[in-house]
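Chains X, D and R, in that order, give the protein sequences. The working numbering applies: residue 1235 is where the first sequence begins, and numbers increase by one. The working numbering applies: residue 1043 is where the second sequence begins, and numbers increase by one. The working numbering applies: residue 4 is where the third sequence begins, and numbers increase by one.
Worth flagging that the hints you see were computed from the coordinates, not collected in a lab. It cannot be assumed that every hint is accurate.
Stated by the list, open to error - Pulled a few chain X residues facing chain D out of the computed Cβ check, cut under 8 angstroms:
no., residue
1, C1243
2, P1271
3, T1274
4, C1275
5, K1392
6, E1439
7, A1455
Every residue gets a Cβ at the ideal spot worked out from N, C-alpha and C, and that includes glycine.
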Amino acid sequence: MRASLFITCYNDTLYPETGRAVVRLLERLGVELEFNPKQTCCGQMHANTGFRAEAFSQAKRLVRLYNDAEIVVVPSSSCVAMMREQYPGLIEEMGNAELLKQYTELMPRVFELSEFLIDKLGVEDVGAYFPHRVTYHASCHGLRALELGERPYKLLAKVRGLSFKQLPNTDRCCGFGGTFSVKNAEVSSAMLAVKLQDVISTGAEYCTALDNSCLMHLGGAMHRQYAGMKTIHMAQILASTNETPAEATL
Amino acid sequence: MSHAAISTHAELDPRLAPPFPKAVLPVLRNPQLRKNVAHAIDVIQAKRAKLVAEKSDWQDLRTAASELRMHALENLGAYLEEFEVRCTAAGGTVHWAADAEEARRIILGLLRQENASEVIKIKTMTSGEIQLNPFLEANGVNAFETDLAEIILQLGELEPSHIVVPALHVNRSQVREIFARRMGRPELSDDPKELTNAARTFLRQKFLSIPTAISGANFLIAETGAVGVVESEGNGRMCLTLPKTMITLAGIEKVLPRFQDLEVTLQLLGRSATGERMNPYTSIWTGVKPGDGPQKFHVVLLDNGRSSILARKTERQTLKCIRCAACMNTCPVYRQTGGHAYGSVYPGPIGAILTPQLMQMKHAQTLPYASSLCGACYEVCPVKINIPQVLLELRSQVVNQERKEAGRIFDPMYLGLRAANLLFARAWIFHTAQWFGKVGLKLFTGKDGWIHWLPSMGGRWTQTRDLRGLPDENFHQWWAKQRGQNKRKEAK
Amino acid sequence: MNSTAPSRERILTSIRNATKDIAVNPADRAAAYATLPRNYIRRGKMNTEAKLALLIERLREYDAEVVETTPAELPAVIKAQLTASGRHYFLAPEGLPSAWMASGFDWKIDRNLETAEIEKAEGVVTAASCGIADSGTIVLHHAANEGRRVVTLLPDWHLLILLASQVVETLPEYFDRCKQSLGIPHLATYISGPSATADIEMTRIKGVHGPRYLAVILVHD
């Protein structure tokens, strides 16, 4: 199976170790990976802040870029949600029939990481070893837009050595919300404070998620507060083995 | 006992309210208020969740309600005209108010016709929307609220912070203090039962003596010309049974095609609003009934921007709202801020989309940004309003407005996003920008590899969060190095 | 006809322009209405016994007193309820069966009584139009034997006589009944428990306005 990796703009810039983990993980599972070096961004930041005009060109570019890809894997549920939920409206507004056709044909081939593992590869046990106490934060896009459901839990359940701690109030937003985190920084921080209480109460060593955006926000506060806890993208847990333990994010 | 000193509580006015990011600051620093809000929300949410879980056709009801409400909106003119014909035939008088100012004038005119210097009111947010109480006061009419929460707010000169439980931010000792002072009952304890009884006694005298009442409407039925009010306390029944003259103010979007349609909305409303299978009292009346209730009945239909909302394809769904407040009960932003910060009688997620639109996007432009787009509201909305979708649409309208302003080119957010767009257009520009970013941020990166302070907009992040410094090698650089020559890395 | 005619035109024109992308003629409107999705539960599946048991359970959750009886026993049970209430002065709607007005109490029949007179009553006895088991709702259509709205509002104690044949399981079944037999009511009050408020610290307090005591006699007819 061949898959093209859409790393996302912020993973490329801020969390390359997540990308490296995705590569290690998928190749271990026998997937032949490609990486189109022309990729940049899906346009979510612009679309969500109200800069729709700017988002048009980014959407068009992304769809065209992956036209010929057999499969696209994305280690970020918010970017996949952007493509599934907002691209139709943007493309319709552009009135480009050819683009719409390309988009419609592309989308069934686009997978968020956990979707790819569970639905496409059909695996829950990816051969991972991560001997730590871990709690899982269900980011809103993954939870509601992608309806990832049990997938992340199934994957974590098969990680050897991992002690899973259920996060209370798991469906409550962490407060990141993209540019909301700076436009409404105080409310974002208040939501973060409340969420952090829940995360720390689990007694886990690591908080994981399928989105580095939420983890950047949670982890940033943990670091500021010397909270004694770290964040790590799930790809890094799943890529972790005895021989090649995970690179920690923090 | 003198009641002359009762004044109306301050009305939340979107034209005067501070921007949301500023309005939240005093609230976020108030632990008592945040605790009250969280407690109230948790109670209602738990009750709601239990009842929704037991209703196996909940999603079917939501679908039916959403389609029904949209159908009513798509045929609004026809259904309103049908309502008018039937209501009039039943002895009611229907008035049409294009805006808030006209609605106020009409209502005052009707009160003057009855020589009314006092009026009792059933809670209606629509009257808050049109700033009715201060207007009546200024024109010599005392408006007495009769809902317990509204009495608390009115006597205490406070502002509402929630649609269904407006005084949730006021605790029992505060209520005791207000009642003791304003009802002349210094002996009252802070026991909620005793306080409620005090309100019962205080209000009964008003119900029995004031012959004019003002209400809102939860729904208007086109088929029969009926009006419906849903309530818990019984003050609604008092106001619409005992007086001689009844004035109902209703937004034009409240109309349902047929009486039978209540079988959908009534199943959703109680469960969503208060976590009950059905609220204690629902009253339905049609025009005037000789010998039973008010003999003069007026309906004031209010547009005030609704028909403009109706015209916009994505935003039209805003008008499906049945005012249950489930959205704000589930909203993680509202949970921390309460309702006042939204500066409108409509707070929370629905307020964030309705208020700016009612203001024709001239005010409350920070409200569409008062959301992390988590989508919890959409999940619980009984009529399936895709609030995040409308928020995004309104954001782009705000940006399009703001773009035209001269000073905006210097706004860091605009600069940043405009720049970002350019650099995402080509990979080489993006990569160059990444390099500059990495180098630039090194200035702020500590020895531990973390950034603790940033200027300008970045400083909004670093107020409460650290940021890890940019790695020396980003992903695409790593890939190029590892894979550039089609070298296959041994999988372990 | 009234002075808001110009605004009426403005508003209706505004609405018409706003919805011109959907412009629907009456026939299409009726068709669109008729084909709206209604996949929610309309008819309940409970048998009579279960349905009545559910209604009683719901009513008791609301702190309503519920007793069951047969038509033959009804007058005696009414008398027992009135006695147990400790009250003496009762209102009766104009159409209340005289057999229900137990002896030994002061009765006033509501023939357009003044509010002040109604205020003096300690309780009221009425029939009802329907009972909805799912939500524990009693429906009044304010017919002659149910009384004007004020008589079930001001007195503090309300005794309702509900026939088992008047009970349905679901809310949609009530609306079907309206279509089939009851007619669409001109006036209606749906009672689902005594009045309540949770406005003070979310503490639920019952009995704000309206009768604080509700008793229901369910007659197995």
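Results for each hint:
1. A cut of 8 angstroms between beta carbons decides the hint on C1243/X: the least distance to chain D is about 7 angstroms, and the hint holds.
2. Residue-level restraint check for P1271/X holds (minimum Cβ-Cβ distance to chain D is 6 angstroms; threshold 8 angstroms).
3. Annotation: T1274/X was flagged as interfacial toward chain D, and the flag holds, the nearest CB pair being 4 angstroms apart, inside 8 angstroms.
4. A least Cβ separation of about 4 angstroms between C1275/X and chain D falls short of the 8 angstroms threshold, and the interface hint therefore holds.
5. For K1392/X, the suggested interface contact is broken, since its CB lies about 18 angstroms from the closest CB of chain D, more than 8 angstroms.
6. The closest approach between the C-beta of E1439/X and any C-beta of chain D is roughly 18 angstroms, which is over the 8 angstroms cut-off, so the hint fails.
7. Because the closest C-beta pair between A1455/X and chain D is about 5 angstroms apart, less than 8 angstroms, the hint holds.
Hint compliance for this structure: hints 5, 6 are not met, and every other hint is.
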